[in-house]
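S.K.: Generate the whole structure from the sequences, applying the supplied hints.
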Amino acid sequence: MNRLLQFVPWHSSKAESNALASDDLAGITKANAPEASASGSVRVRLCSICGIICFFLASPAVGQTTATWIGMEGNWSDFTKWDSNPLFPDNGNGGFDYNAVINNQGTVTLDQDIEIEGLTLSSSWITGDNDLLIRELFTWSSGFMVGGGVTTIDSEGSLVMSGSAIVRRLYRTLVNNGSATWTGSSDLYMVGGTFQNNGSFSADTSAGQTLVSTAEQSGSINAFNNTGVFTKTGAGTVQFITNFQAGFAGVAFHNAGLVDLQGGQLWLLGGGSHTGDFTGVDGASMVFQGTHNFATTSEISGGIDVNFSRSEGVFSGTINTTGDLTANQFGKMTFDGPVTAGAVTIASGKFFNFQTQAFDFNSTLNTSSLSVSSGIVGGSGNWNINSLSWTEGTMAGTGTTILHSGTISCLNASPFDDLSLNERTLQLDGSLNWSQGNIR
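With numbering that gives the first Met the number 0, letter number 68 in the sequence shown gets 67, and the count goes up by one each step, no holes.
DEER-style ranges, computed between Cβ atoms:
| hint | residue 1 | residue 2 | range |
| --- | --- | --- | --- |
| 1 | Gly162 | Asn365 | 37 to 47 angstroms |
| 2 | Asp82 | Ala294 | 50 to 60 angstroms |
| 3 | Val166 | Thr363 | 42 to 52 angstroms |
| 4 | Asn74 | Ser300 | 44 to 54 angstroms |
| 5 | Asn365 | Gln111 | 52 to 62 angstroms |
Hint data in this document are derived by calculation from the structure and do not stem from the laboratory.
Quick caveat, the model's predicted, so the values are computed rather than measured.
Quick reminder that beta carbons are idealized off the backbone N, C-alpha and C, glycines included.
M.R.: Dropping the structure here:
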């Protein structure tokens, strides 16, 4: 039997008005239920129908579903390439939210902007100049991300890079606004790739393990940009490196947020520009190589050891660590801000018997121990030192090196190497043990 829905005003009678006044709950109750007429029609109150319509209009997609790529090559929007045929994964398509799985060594081209809940990428390619937004979980065990578009992890989402894959390559921009983890022994190669971390990024390596991010093609510009929190955990090593052998530019690491070392080593060998902070626990260490420049807002603190190896640049910020500070292998850094470190070692070496420049300290240097075994350490700042070991090299600059009272310092140059004091003042307030060598 056909029934006709008739929309009538809510207060169509005094009796109905009284019934409304007695209702305690919204919705259809005995007092406002549809009333069948002799003709078989049903009268439904207008506000009840409106409420139902609004409920469905405001409701999200009916649920999540998984779509797996079954083609070899094709466009993302080609539904015949997905096992969800006749639908392709794009949130809202067919009333669903989607988790996409691409793991068959195929190639998927983003021919339009796509939004999905989750993505599993393994041994396959995603390419194209359009954008991909992932709301929840992105599991990237291996495979390629290529093209001029941007892949974005939502603020409530997460990225997992784990396992021992040797084929994980970023040829596009990947933005993490949520949380990311990088574990195991799986490397991240870049060719014109950018990883933008605006959220949290945790790199965890066990003792003896190394995670590497490096360039794979000469001339490509690659970068890891941190504006969020980058945390290094575990006793192993994480490296952002330059492939010197192949002549690749490497992966630069730029920090405008916080880098926190909770264990192991972090090597930043591809250079970088820094306005943010570096901190960490005793025993953790950092290695800077290439060209690194630090703004006045940047600080190194905590208990981490810091090594500038083959590094050039200007440090305009502050170093205040209980760990050690080392310069070696022909580098040159200029420190315009104050430096406090447990021990400072200058061992930059020499080239065909010519001493090479290492450090300029143009502000205050405070250290329990300064060791100069080669190279040149200079600057206009005053250095407050409890112990000096000077076996080779030059101390230069217009500042004063102050050996405080109650300390014992050693000058022990070889018979073939003089100690050079160039313009600098050496102020001896403690004891000096000068065993051999000349000062000139």
